[in-house]
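We have chain A already, so just place chains B and C with the ligands on it with the hints.
Read off the chains here:
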Amino acid sequence: MKEPLRITLLRHAVLLLFVAISLYPVLNVVSISLRPGDRLRSTDLSIIPPDWTFESYVKLFTEQPFLRWLGNSLVVSGVVTLTGVALASTAGYAFSRFRFIGRKATMLAILTTQMFPATMLLLPLYVLIAKLGLVDTWLGLMVFYTATALPFCVWQMKGFYDTIPASLEEAARIDGCSRAQAFWHVVLPLATPGLVITALFSFMTAWSEYIVAAQVMQDESMFTLPLGIKGFQASLSSQWGLYAAASILVSIPVVAVFLAFSKYLVNGLTVGSVKE
Amino acid sequence: MGSLLRTVLLVLLVSLAAAAAGCGPHDARQVVTIWHQSRPNEREFLADEIARYEAEHPDVRIRPLYKETEELRSGFQAAALAGAGPELVYGPSDVLDTFHTMRLIQDLSPWLPEAERAAFVEGGLTTLPARDGSGRRELVQIGDRFGNHLALVYNRNLVANPPTTTDELVKLAVASTTDADGDGRTDHYGLVWNYTEPFFAIPFVTGFGGWVFREPESSPPVPDLGTPAMTAALGFIRDLRDVHKVAPANCDYELADSLFKTGRAAMIVNGDWSWSDYLENPAIDAAVAVLPTVDATGLPMRPMVAPKGYSLNANARGSAAEAAMGFVRHMASDDVQRRLVQRLRMLPARKTVWDDPVFSTDATLAASRAQLENGRLMPVATELRAVWDGMRPAYQAVLGGSLDPAAAAERMQHDAEGFIDSMHRRIEPSPLVPVLATVVGLGLLALLVRQLPTFVAFLADLRRNPTAYAFALPAVAVIFAVIVFPFVWNLVLSLSDMSLVRFRDWRVVGLQNYAEVLSDPKLWGLSGVFLKTILWTVINVSLHVALGVMLAVALNGPIRGKAIYRLLLIIPWAVPAYITALTWRGMFDYEYGAVNLMLGKWLGLPAVNWLGEPLRAFEACIIANVWLGFPFMMVIALGGLQGIPQELYEAARIDRASRWQQFWHITLPLLKPVLLPAATLGAIWTFNNLNVIWLVSNGGEPQDSTHILVSYVYKSVFNLYRYGYGAALSMVMFLILLAFSVVFLQRTRATESVYR
Amino acid sequence: MATVTIRDLHKRYAEGFHAVRGISLDIADGEFLVLVGPSGCGKSTTLRMVAGLEEVTSGEIRIGDRVVNDVAPGDRDIAMVFQNYALYPHLSVRENMAFGLKMRGTPAAEIDRRVADAAAALSIEHLLARRPRELSGGQRQRVAVGRAIVREPEVFLFDEPLSNLDAKLRVQMRAELARLHRRLGTTVIYVTHDQVEAMTLGDRIVLMNHGVIQQIDAPLAIYRRPANRFVASFIGSPTMNFFPGAIRDGAFVVDGDAARLPLADDGSGLGSGQSAALLPQGPAVLGIRPEDLVVTGDAVPFTTAVIEVAEQMGHETLAHVSVGGSSHVVRVPGDRAASPGDRLSLGVRPGGVHLFAADDEGRRLN
Ligand SMILES: Nc1ncnc2c1ncn2[C@@H]1O[C@H](COP(=O)(O)OP(=O)(O)O)[C@@H](O)[C@H]1O
Ligand SMILES: [Mg+2]
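Chains as they are written, first to last, in the working numbering: chain A, 1328 to 1603; chain B, 68 to 823; chain C, 1093 to 1458.
If we strip away everything but chain A, and leave its shape as in the complex, we get:
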């Protein structure tokens, strides 16, 4: 249906305003990455500094093990994304569709794990990781990231399943599917927006975390990206150029992942399946 021009203009106005708001601080980061001499602050509004240079970007690839960090981060985030999606899509389904003892309590308990200030958990977490011999392994990090991302993902998936009418699944079961088959053939495809959000969130969790990574990873060759990047920051003598350039580069895969997934995020499927 065609909308009145007034509404279309309003949409564009709001979106443009927020695009500007979203971009400006990031352009500032770009600006820092182009400044020579590690200057964090500028004294005017210009984005491209007069003495701009790509030196920081070049250095990242020539003098810093940036590609190795990137590879490490891709492995960690990839595995966390897959396990996160796999576990959250199944658990969310159980919480949405089944009525079992301890369901509500477990859902609340899952939430409670997010309620503790993370900084307070660092010390015992490290003790745990050290005692289990997971220092300097990716397994420890992956398990931790998955566990961190899961509570949200499980709740989110449950929310999405809740919007999928039960009758679709019942139809599938009458059509000869087992519960698991109905889940795979009918429910999962319809929950794609939820899966995309879950995937994005799991990915981001693993992609940007550095506090726990700093505890677990002692070997520089196993550093993840954020951990490597944080190394450019030293109290009172940070390498702001590298820090900013790396931060910009780190966001590119995120944007790419979003770009790849967003088609599924906005592909409404439930529409028209059932009559409300």
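These aren't lab readings, by the way, just hints derived from the structure by calculation.
Hints may be right or wrong, so weigh each one.
If the Cβ cut is set under 8 angstroms, some of the chain B residues that face chain A in the computed set are [as the list claims (entries may be wrong)]:
{"hint": "1", "residue": "Leu132"}
{"hint": "2", "residue": "Ala145"}
{"hint": "3", "residue": "Ala146"}
{"hint": "4", "residue": "Glu321"}
{"hint": "5", "residue": "Leu322"}
{"hint": "6", "residue": "Gly338"}
{"hint": "7", "residue": "Trp340"}
{"hint": "8", "residue": "Asn348"}
{"hint": "9", "residue": "Ala542"}
{"hint": "10", "residue": "Val545"}
{"hint": "11", "residue": "Leu618"}
{"hint": "12", "residue": "Ile637"}
{"hint": "13", "residue": "Thr647"}
{"hint": "14", "residue": "Leu705"}
{"hint": "15", "residue": "Leu743"}
{"hint": "16", "residue": "Ile751"}
Each residue gets a CB set at the ideal place from its N, CA and C atoms; glycine is no exception.
Okay, now just chains B and C with the ligands, sitting in the frame of chain A:
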């Protein structure tokens, strides 16, 4: 679906291939890990020395790992407590007393015979009294260099000769503070430095005859801040800005640094770590000079100086310790020290190298050495942290105009004493502990017995409903595997006296920590941290959800360029917050920040002192956090919108519902199941969001006024080492959130489906 | 094709609600059985237990000779059409219809043939490539039916399949369903709350209320001899008129002596073969369908009443009259004048008397 899966699988395969390529052959050498806080240029030197040492000792592998100051401190505490950690830590001497008190590092005396110690400059070796009370002193650090001292750096393009007295300094600074284009805004400042940080005020304090601790230093040391010297120093600093107007209205480290680097400041007070950057900068002609003498007292401004060196982890034993100390001896050897001076132009810890000719040929090194000889050794005492924490709020209040120097000096003394007190507080075990333990035990037992029928029913349900459990179990198991131990640990800790003085030998003492938490007026008062946290959470989450839904709805219409908009709008989420939060801090700068510049240019509004005024600083944090959080909610809302059948809108239009009514009666209710989890968790995360407050307001500045509960905990735990107290406060925070969630979820029936 | 046998079926939901309370049914091979009753009476629950979507609390369900209580829905050889269609939104119409066959591993050629046949039978061949969201309500309904018939199951289950359609489409689909059943001859269990659907489609009707079967019978039998007051009031439109009163001295006396109907044994009121002597004396409720409450003289005289409202339908007029203080409906032939204020003298057609117990159960007495 198919292609989505394929994409994901592809990413995974590529990454696994990369991982496989990264695995090398096994290494049989003795590994020595060093956590160090070396600055970038020093790291290369370290790497070269490691290579040299490894070549000479093929059976040893040295693994250096850079850690930022705070990270090194807290990380080492955790690691050493867990019986692990690096063999060596390398850094300035200021953490040594803490590590020593916590028994995380060991006595190095066996590795450095008395005879060899004479070769070191005074202060190059740090000793502390043994904790067994024998009066023996233990060697806790072997230094390899001196530094961290402030000096005056001036831009020769703007100042020909450095000042030698403060009168000259003021005169020169006034002369070089100019508004060249006459627009009423200063273009060049005479003197800049990080005047938000007390460390940078020390030369002024010493110049007026003051010091941080009462002399001679006792154990524990007593702060000496409420002095006339302090009052005079604070007054002098304030006048530089307000009377002589030679410094910007707000100046933190990064602004001072950027101003000087771009030639917009004639002089800067900064430490040795920064000098090479200035000297090498082609845009300016920098030179280093000794800080001037204060005319009022005739005393030189004396910065703090500290040795940097190596300490040995208490857990390092046997061959690992041997190998580690071998490397330390290498670094402290004459050869390496000489290379250090020649290459890094740093001041060595060994006397034997001080005669090197480079000291007379290199002006910077000569100035550095002169300043060092003029400096005062930084006290090793842990209490120094309490002094900094005590000084900071009052100092910032003076510069914020809300406190006069004399009152500030008094408050510093009072606050510092208070902090030292709480640092050293010893909590006696309550006689009620056994009673408490029995009650808790019985309570648990009763609960268990009461839950027995539920458990039996659960077993039956398990048999009846295996699919449900099979689906839910893996995720639940992973989540709890990670959290249970830390949670229980925290619970126990909250009942304990774990602190600086009882770090390894803590005991369960009862509910005292809770009593202290609950009776703290700073937390629960009307303008207290708790209410601020609630405000912070409510405002942030409401705005996140409101903006997210608004943008999602705007995007969800028949308009062009949707994909582009969508992509650009998630950018704040995609770029790491640890840098964008810092950009926001820059954007809130009083004089040069984009926010004020835009407000002034486009709206004609007066500049707002965002980071200097308590309320404004809090607002700045909120704005930055809203910016960081709205894209996430937008993505969620976008996903949720897809599930709303279009027919509903058609039906609503037939019913002549306005757009607003459609939004209110169709969109929102149907977004609920998808938005609720996000909003609930969003509230929890925001409540516990340390990062933004920490980065935007630089750890609660000004005057510790932007704290929310989590940053308050962080500060009390990590600055004052009050682990028991921190754990109790986190338990209280946990309970607050739990109560909130239970009520909120019940109210919104989030665990129920809309279709049931 | 198969019989369906239900024995003493109970359903208690997890929250403890007792939705189905002991239902027993024998459904013949090829029969079209309609489950009807007011909303919430447990029809769907019963149907869903037959489908295997809801666990049986107690009792037994057989399809053919097989007890299916613990058989998965997909293995029961049934097909179901849902009220909301439940089409798979991510699949085309063709894929929707083929889905069940695919899951069973039917060869592709066979699937194509069956889908084509079903599509032809329902005249939806031109829609096969579309997605459900591109269909109108009626088309979706056809696809839903199509998805059921391609499976060629033993039993069809319908859960209010027509209630989301507009009145005209509903009539059309109703006829089509009837034709389809005649052609395929498959056993059908059909749930509806609409008595017209029940009357027109069912070989037999099962009338339920509060989880209990009230009556099982052929449509006309149910209409003519409702087993209790609930059935009587549920079937028939406009609803049967009820007059509370008492049976006394061979006559029914409406409360407050507002009217009196003699219950002679001659078949004039009670119907042939019934005797007033067998009726219990005392309080009872008299039921007379609007069309049996007539104005003509050859009926058993009952009472006189004044028309309060007259609804002109063309072929007839529904006259609302007041008797004994409550409102009742009389069907007046269209060719007779009837307007508000007219006084009618009413009688009861022979055999048009239904007597029910005055208690809550309201059992039929005659
Ligand atoms: N899953 C359920 N849990 C609890 N009660 C239910 C459930 N499904 C239906 N009911 C209740 O059981 C009764 C019968 O429902 P149903 O069989 O759907 O009625 P209908 O005859 O309208 O199809 C209703 O009162 C309904 O509220
Ligand atoms: Mg000017």
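Okay, the hints, checked on the actual structure:
Restraint check, Leu132 (chain B) versus chain A: the minimum CB separation of about 6 angstroms is within 8 angstroms; hint holds. Look at Ala145 (chain B): its Cβ gets to within about 4 angstroms of chain A, closer than 8 angstroms, so that hint holds up. Restraint check, Ala146 (chain B) versus chain A: the minimum CB separation of about 6 angstroms is within 8 angstroms; hint holds. About 4 angstroms separates the beta-carbon of Glu321 (chain B) from the nearest beta-carbon of chain A, less than 8 angstroms, and the hint is met.
With a least beta-carbon distance of about 5 angstroms to chain A, the hint placing Leu322 (chain B) at the interface is held under the 8 angstroms criterion. Annotation: Gly338 (chain B) was flagged as interfacial toward chain A, and the flag holds, the nearest CB pair being 7 angstroms apart, inside 8 angstroms. Hint status for Trp340 (chain B): holds, given a least beta-carbon distance of 5 angstroms to chain A, under 8 angstroms. With its C-beta approaching chain A no nearer than about 5 angstroms, Asn348 (chain B) sits inside the 8 angstroms limit, and its interface hint holds.
At a threshold of 8 angstroms, the smallest CB-CB gap from Ala542 (chain B) to chain A is about 4 angstroms, leaving the interface hint in force. For Val545 (chain B), the suggested interface contact is upheld, since its CB lies about 5 angstroms from the closest CB of chain A, less than 8 angstroms. Checking Leu618 (chain B) against chain A by beta carbon gives a least distance of about 6 angstroms; that is within 8 angstroms, so the hint holds. Checking Ile637 (chain B) against chain A: minimum C-beta separation of about 6 angstroms stays under 8 angstroms; hint holds.
A cut of 8 angstroms between beta carbons decides the hint on Thr647 (chain B): the least distance to chain A is about 5 angstroms, and the hint holds. Taking 8 angstroms as the C-beta cut-off, the interface hint given for Leu705 (chain B) holds, the closest approach to chain A being about 6 angstroms. Restraint check, Leu743 (chain B) versus chain A: the minimum CB separation of about 7 angstroms is within 8 angstroms; hint holds. With its C-beta approaching chain A no nearer than about 5 angstroms, Ile751 (chain B) sits inside the 8 angstroms limit, and its interface hint holds.
Comparing the model with each numbered hint stated earlier shows that all of them hold.
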